[in-house]
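There are 2 protein chains.
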Amino acid sequence: MTRAGRVVNGLALAAVLASSSAVVYADNQDVIDYRQHIMKTLGEQAASIGMILQQKAPADNFATHVKIIAVTAATAKKAFEPKVLGGDAKPDVWNNWADFSKKMDNFVAATDDLAKAAASGGLAAAQPKVQGAMQCKGCHDTYRVPKK
Amino acid sequence: MTRAGRVVNGLALAAVLASSSAVVYADNQDVIDYRQHIMKTLGEQAASIGMILQQKAPADNFATHVKIIAVTAATAKKAFEPKVLGGDAKPDVWNNWADFSKKMDNFVAATDDLAKAAASGGLAAAQPKVQGAMQCKGCHDTYRVPKK
Numbered sequence: 050m051t052r053a054g055r056v057v058n059g060l061a062l063a064a065v066l067a068s069s070s071a072v073v074y075a076d077n078q079d080v081i082d083y084r085q086h087i088m089k090t091l092g093e094q095a096a097s098i099g100m101i102l103q104q105k106a107p108a109d110n111f112a113t114h115v116k117i118i119a120v121t122a123a124t125a126k127k128a129f130e131p132k133v134l135g136g137d138a139k140p141d142v143w144n145n146w147a148d149f150s151k152k153m154d155n156f157v158a159a160t161d162d163l164a165k166a167a168a169s170g171g172l173a174a175a176q177p178k179v180q181g182a183m184q185c186k187g188c189h190d191t192y193r194v195p196k197k
Numbered sequence: 050m051t052r053a054g055r056v057v058n059g060l061a062l063a064a065v066l067a068s069s070s071a072v073v074y075a076d077n078q079d080v081i082d083y084r085q086h087i088m089k090t091l092g093e094q095a096a097s098i099g100m101i102l103q104q105k106a107p108a109d110n111f112a113t114h115v116k117i118i119a120v121t122a123a124t125a126k127k128a129f130e131p132k133v134l135g136g137d138a139k140p141d142v143w144n145n146w147a148d149f150s151k152k153m154d155n156f157v158a159a160t161d162d163l164a165k166a167a168a169s170g171g172l173a174a175a176q177p178k179v180q181g182a183m184q185c186k187g188c189h190d191t192y193r194v195p196k197k
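Chains A and B are the protein sequences, given in the same order.
Straight run, no breaks: the first sequence in this note's numbering ends on number 197.
Straight run, no breaks: the second sequence in this note's numbering ends on number 197.
Pairs count within a copy or across copies, as identical chains cannot be separated in the list.
In the DMTMM-like style, the derived pairs of lysine to aspartate or glutamate whose C-alpha atoms are separated by at most 20 Å in a straight line are:
1. K89 - D137
2. K139 - D76
3. K127 - D148
4. K127 - D109
5. K126 - D148
6. K126 - D109
7. K132 - D109
8. K139 - D154
Just so you know, the hints here were simulated from the structure itself, not pulled from any lab data.
For reference, chain A alone in the conformation it holds in the complex (with noise of 0.2 Å):
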């Protein structure tokens, strides 16, 4: 769809949502947008507490960052929920809901458990809590398209 198309599109579904209380997505590209910015707010995150891990970073943050990780994580499973292929997100991920969801849910659980723990017991009880709750690339491996 043209750009033009786009925004006339979405005034249009604007319009018609206007007075509903339903979730409004504008077209397709918006909802993949939506979905790639949060998945790229935990990469972020992640990112900010390997390099904190790795001593690259000042463990001042770690329990600020791993919030941030599961805070964001509770918005990503409904950004997923409208069936709109494309982006960097298998098929699969639709195909496979039950699993995905479930998936989703125990990222959610397992950052939540970890950012209390940095939240009380700061890097040191958390550390041993981050490859458990972090886990990337299990869920990268079976419904993310590789990079290029």
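Once you've looked at the hints, dock chain B against the given chain A.
Chain B only, in chain A's frame:
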């Protein structure tokens, strides 16, 4: 510095600092990488909020996104404290540190206020505060190297 040089430098610095509680940075590129992870997180979350305000993404996550912005904002100043030129930061970040630092503090306070409004009153209560809290452009125009 070569990649190998960076690793060696990192190990040497880590060894020097292993017995101290000082902030550990492996090298200048790490300092730049770390602050970019944080600023990119803010960018992705600001984009998410923008999409919601344009009704291109579901409003359900609005309060969560502004919370992520607020929590992330609180990590940003520390990431700029080491005076390491490069990346997208203009030298004025450190030449005018008092102003930059004050703008960062204002950003933290305003996004915290925004997050509280969103948590208690949702999108309707928070929306009028978004523009005042998210003064991204004002600060970027002064302190960020323009995008090519």
